[in-house]
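Protein chains in written order, with the working numbering: chain P, 1 to 180; chain E, 1 to 998; chain W, 1 to 92.
Honestly, the hints are just simulated from the structure, not real lab data. Virtual Cβ for every residue (Gly too), placed ideally from N, Cα, C. Some hints here could point you the wrong way.
Heads up, simulated DSS-like pairs for lysine-lysine below, C-alpha to C-alpha not over 25 Å straight-line [as the list claims (entries may be wrong)]:
1. E:K283 - W:K6
2. E:K383 - E:K26
3. E:K325 - E:K383
4. E:K325 - E:K26
5. W:K87 - E:K883
6. E:K514 - E:K570
Away from chain P, derived, C-beta distances all over 10 Å, residues of chain E [to be verified]:
7. G535
8. G571
9. N685
10. T726
11. H861
12. R931
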Amino acid sequence: MRDFLLHNVSPFPADETANGHGNMQIRALRDGFVFHLLGRSDTDTATVEKTIAAPIADLGGELRQLAPYQWFWVGNATLSQERVAEISAALPSMLALTDQTHGRVRLVVSGPQVRSVLAKGAMIDLADDVFAIGQSVMTQIGHIGAMITRTGDAEFEIMVLRSFAESLWHEIHQMAAEFN
Amino acid sequence: MTSFRIDGGTSINRDDVRQFSFNGEKLSGFGGDTVASALLANGKQLVGRSFKYHRPRGILTAGAAEPNALLTIGRDGRRDPNTRATMAELFDGLEARSQNCWPNVDFDIGAVNGVLGPILGAGFYYKTFMWPAAFWEKVYEPIIRKAAGLGRASYDPDPGYYEKCWAHCDLLVIGAGAAGLAAALTAGRAGARVIIADEGAQLGGGMRAERSMIDGKPADIFLGDVMGELISLPNVDIKSRTTIFANYDDGVFGGVERVQKHLPEAEINPNRAMERLWRIVAKHTILATGAEERPIVFGGNDRPGVMMAGAMRTYLNAYGVAPGKRVALFANNDQAYDTARDLEERGIEIAAIIDPRTCPDVGYHGSARHIAGAVVRDTAGRKGLKSITVRHDDGRDEVIAVDALAISGGYSPIVHLACHRGARPVWSDDHAGFMPPMDADGLTPVGAVSGVRGIVACFNAGANAACDALVGLGISARPALIGADVAGDHVNDPEAAGAQDTLPVWSVPSARGKAFVDFQNDVTASDINLAMREGYDHVELAKRYTTNGMATDQGKTSNVNAIGILAENKGVSPGDIGTTTFRPFYTPVSFGALVGASKGFEFQPVRKSPLHGWAARNGAKFVETGLWYRSSWFPKGGETFWRDSVDREVLNVRTNVGICDVSTLGKIEIFGADAAEFLNRVYCNAFLKLPVGKARYGLMLREDGFIYDDGTTSCLAENHYFMTTTTALAAGVLTHLEFCAQVLWPELDVRLASATDQWAQMAVAGPKARATLAKIIDDDLGNEAFPFLAAREVSLFGGKLRGRLFRISFSGELAYEIAVPAGYGSCVADAIMEAGKEFDIAPYGTEALGVMRIEKGHVTHAEINGTVTPADLGMGRMVSAKKDDFIGRVMNKREGLLDAARPLLVGIKPKSPSDRFATGSHILNVGADVRLENDQGYVTSTCHSPNLGHTIGLALIKGGPERYGEEVVIWNGLAGTHVTGVICNPAFVDPENEKLHA
Amino acid sequence: MSSLVKCPHCGLRPREEFTIRGEVPSPRPASDAPANAWFDHVYLRDNPRGEHREYWHHAGGCRRWLVLSRNTITHDISAVVDASTLKAGTKS
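Taking the hints into account, I'd like the entire structure generated from these sequences.
Now the structure itself:
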């Protein structure tokens, strides 16, 4: 078994580029990491930033708050399980880290009508002057919980629980179809 | 074209000829026509039959309130019944049919009901179909169903796509008439985010029927210019064909946009919505919905050819359709005279203007005969109007031959959206109508809906209202100066706007024949009088007793007249009667729009396990468990009957080894300095001293002392625990824990993270489980190194991967659960299959899992059904007597929960192995009658045990384990069967747990 | 029923993101409290016409438990707070 090849299977359907040719692009993010940080109930974002200053300088990524005292640290680097364990072990007791890289998966939707597409599922006002680049919300797209992050002028990243990935993928393609 | 189509028409394009059919007859119209205007242009006055009496009916209105002209449009899955001909846009190839008539609209057998009129009065159904009760289902209902009803829904699925959307704005403007357009333009120029919605295909509202020059331009040119400016403003969103149908709480409005309903099938884009349901979040709303012209209640007022005066003017000016050749006007207000003026200008003969007012000063200078102080009391003509009978003020009757009659009984502000949240409209004698409650909750009624009359005044009011609203939002604005100059505006002096000129005539006293109040429900003035005499004089009771104001039009043309009649008869003001309650929807909304995209695959989200693909490759049959798809069995080698597979899978686990996907179990990471204390409080058994590297089975109670859920929790490190829950309650348990942590004990340092989706988790069970896993797991799995209930991280594939290994067992076999990051699950499952090949490993599904847990007497939510305590399941000793506090501690000790007569968990088997029994069967003592007081308990779970070769079950039975060996009757009331059973130990297999600890 | 709720952590959100548990009962009694206190806490609810305090869980957002002060007649929400801030609070 020592020659066993590990393959990381994406929950998104394999034909993922099939619908990405028109005005709207939808693509899965295969690499990177998602850490769920859980602070004691006196932890603020500044403290967390300070606490993870060293590893974040090294690995990159950004903090997205999902709830009081809770953040996702999301980045595009590829890490070994050992490295994750090291980072986790180095944290003080006021901050816990749990790796959700496989549990929360990401896709990017972009294109001129991206807001019209997302308005078909999300109540959040994503208007240019209301929802700034870098801003994140934990909300629902249709019946599926998701974190929406604005990553560009007309580009949003959607993070969703892995088990819902295929349904969300399908829904977003359907929502975008009229523009393609 | 026909002689009914004349020149002009601001809404139609004569270069765009469109063919359509009406009841199979080929007709044509123009682009911009509604089905109603096209039918009228083709001389089709008779379009349908009425609901109860099957009377011939024509087109009454030119808009949303239409009670009569309901057609079925389209065919197959795209068939829309009860479509208002006045709102449906004409497209090439449109097919329209009349409803509620058989064999056809011209000769309708149901019309015999008209003769039975006196019998079918108010409360007819309540009075007639009372007894005998047995007749209800078999006789009365089918008859009523056949006779009543409007259009019929299609049985074919609608192939169209529908969707729901959210929208946000500073200012929502509802209605794009003069007031709405001025408001939108004002706010748009000020840079506010504006949504202006109008139910029409084209903006303009009543202005489309206007022949006056507005700012020196014809109405359509003027509207085109305004539209052009609105389109040029990026902050203005114009939603035409969009009906705002509801005002929900917190500034959220519901709307439906008919995106593609007006297109021929060939032009429909399948990727675009047919209709879009909008939820609009508005900071402020301008309600510019206008006013509805009221009919007058007189004899034969429903005859085809009788039409609202404003509608007649609309058909004339917007669609270039003449209502007839010789027309009369019966009106009690000044505004209606615009219709007479325009008809005359177009060369249509006006036979007479009948005005109940004795000396109206209307500034009418036309040549038509004017009969003041008179009313129309009756009409004649079989399927279309031939003449009217006028009752003069001296009591003399005069018959006047006409083929169309315009009627106008005043104007009812369209207040619905101002009243959906419970506010009541206010009666105004000045306006002879119910006015909207003003400026309630960020909603400003403006224009005709607030009683403003005349185009100039409406422009001003709209612009000013928008300025005021924007000030409230911190946006400065200047009123848009449009429409200041309207030639011949009926009331162009804003000071005079709203002056009293309507003399209400709730019903014509001398009316002869049926005088309809509600056209759609065939409610007459005498029905309302009857309801009053019988004591149903409260407006809500009168509505339900007579059905006035029900069905698709919800009384838009009838309610105020009904209220007026009630008020007149009681000698009070209509304000004292009040209105019925306004509720969404303003107009009917299709089920397609309400369902949106949630159909077919998108009916609800599907959750798939990270091992779904692996299971599918291995031939799994899936079962829906909540949103999850779980593999339930894996047919192999020609197995066609599910139980063949399940039996094989069970026996294989018991003799060799099996692998099962348990990824759907809820998984929760628990951190924090007080995590152990927290667990100790949410479980009824002790958790404070659970050592690192160990798992423990836990029972969670509800605060009322009954069991909530069970599962295992492992201590992975100091202050780090990993909880598993049942699949069914994964979300519920997390929510419960969050409640405990945030609400009950916020002082504890405990942090919860859902980790269900992070892990692919597999149960590997059977005597060869250790041998199988040892081939891929680097750590020592021996009993000493990794005993029962060990739980810790392990290394796989020579250090290539780390996973979590738990020695727990639901099957009762030597078993492990291995969890790896989800993306690797499929590969690891393949590797386990490869490793177990020499031991004949086979995948097993939830069915086999269910069989094995019953064979071991393990419980699930079939037993933990909300009515059982730990003691009921033989786990009473797990409930800690030492802990000070935990959820359910106090209530679990209630007398009733300690009662010795409570049913307790036992096993049950048939006395004769060939007998079978079903879950849900009740237990009776041998010889006892089937009576509730003889009930001994019930069967909670059953299965066929391939190990024992017969049916086995778990049951909750009074006396419980004390009755092992006793024979009882297993009674199935549904199937009407009973078999003799024997109560036994629920651990049918390996009661000593030797296999578990092997 | 309210269409939008202003979550103190997430801002204005649609009702669909929330799960309603019902009235905020009397505080959870101590273990040795009299039986009446426990019955009150577990079972007794007022269901008032007018002002009402309810537990709402922002399941589709921050997953925090909130206490809404809501008028059952007008549906107006007068206050939304994180439920953890009410530990010492008593029944309204």
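Each hint, compared with the structure:
As the CA atoms of E:K283 and W:K6 are separated by approximately 14 Å, the hinted pair is consistent with the 25 Å bound. A threshold of 25 Å between alpha carbons decides the hint, and for E:K383 with E:K26 the separation of about 21 Å falls inside it, so the pair holds. Taking the CA atoms of E:K325 and E:K383, the gap is about 16 Å. The hint holds against a cut of 25 Å. As the CA atoms of E:K325 and E:K26 are separated by approximately 24 Å, the hinted pair is consistent with the 25 Å bound.
A distance of roughly 22 Å separates the Cα atoms of W:K87 and E:K883; the hinted pair therefore holds under the 25 Å criterion. At most 25 Å may separate the alpha-carbon atoms for a hinted pair to count; E:K514 and E:K570 meet this at roughly 22 Å. Against chain P, the non-interface label of E:G535 holds: every CB pair exceeds 10 Å, the least being about 48 Å. The claim that E:G571 lies off the interface holds: its Cβ sits roughly 51 Å from the closest Cβ of chain P, which is beyond the 10 Å cut-off.
Residue-level check passed: E:N685 sits 25 Å from the nearest beta carbon of chain P, beyond 10 Å. At roughly 16 Å from the closest C-beta of chain P, the C-beta of E:T726 stays outside 10 Å, upholding its exclusion from the interface. Taking the minimum C-beta to C-beta distance to chain P, about 20 Å, the non-interface status of E:H861 holds against the 10 Å cut. Distance check for E:R931 against chain P: the nearest CB is about 47 Å away, which clears 10 Å, and the non-interface claim stands.
Of the numbered hints given earlier, the model fails none.
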